[in-house]
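S.K.: Sequence:
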Amino acid sequence: MNTYLVIFLTLFAALIASLAQLVFKKALKPNISFKEIVKLVADKYVLIGGAGYIAGLAIYLYALYNAPLSIVYPIFASTFIFIVIFSRLVLKERISGLRYLGIGIVFIGIIIISLTI
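The sequence shown begins at 1 in the working numbering and counts up one residue at a time.
No wet-lab data here; the hints were simulated from the structure. Fair warning: this is a prediction, and the values are worked out from it, not measured in the lab. Certain hints may be false.
Stated by the list, open to error - Okay, the calculated beta carbon distance ranges per label pair: (1) K29 - G50: 30 to 40 Å; (2) R88 - F8: 19 to 29 Å; (3) K39 - T3: 26 to 36 Å; (4) Y4 - K39: 41 to 51 Å; (5) L5 - E36: 40 to 50 Å; (6) P68 - L47: 26 to 36 Å.
Ideal Cβ placement from N, Cα and C applies to all residues, glycine included.
Start from the sequences and build out the full structure, keeping to the hints where you can.
M.R.: This is the structure we're talking about:
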């Protein structure tokens with residue numbers, strides 16, 4: 001399979017998994033009890049998030065089938081980057097400079113791995 005297609009598919013799977021996390025977060029309310037969390041299984045946001053996880057997993061497995069784990073898995077670490085971006089833009093969470101530095105290091109690592117393919 002084309003190397004760039006594997007990278008794209010892996011990044012797309014990571015994006016979908018990250019969006020699923022965002023949707024899961026949207027389903028949760030402040031001070032929610034464990035009993036209420038159990039009831040969330042039928043919540044529309046949890047169902048959408050679960051479907052996103054399944055779709056992301058299917059795409060990830062396809063990429064993994066067509067490329068070495070040592071390449072696909074580190075690229076899938078881009079979920080950390082997507083989550084920080086979504087947390088800041090959508091959830092309005094405060095992100096520290098040190099966290100941005102860490103995300104930058106993850107990004108550089110993904111670039112280095114992509115260049116070694």
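S.K.: With reference to the structure, classify each hint as holding or not holding.
M.R.: Right, here's what the structure says about each hint:
In this structure the hint that K29 and G50 lie 30 to 40 Å apart at CB is violated, the actual value being about 18 Å. A hinted range of 19 to 29 Å holds for the C-beta pair R88 and F8, which are about 24 Å apart. Distance hint for K39 and T3: a CB-CB separation of about 45 Å, inconsistent with the stated range 26 to 36 Å. Between Y4 and K39 the CB atoms are about 44 Å apart, so this pair conforms to the stated range of 41 to 51 Å.
Our hint of 40 to 50 Å for L5 and E36 holds, since their Cβ atoms are close to 42 Å apart. In this structure, P68 and L47 meet the distance hint of 26 to 36 Å, their C-beta atoms being roughly 34 Å apart.
Against the hints set out earlier in the document, violations occur for numbers 1, 3.
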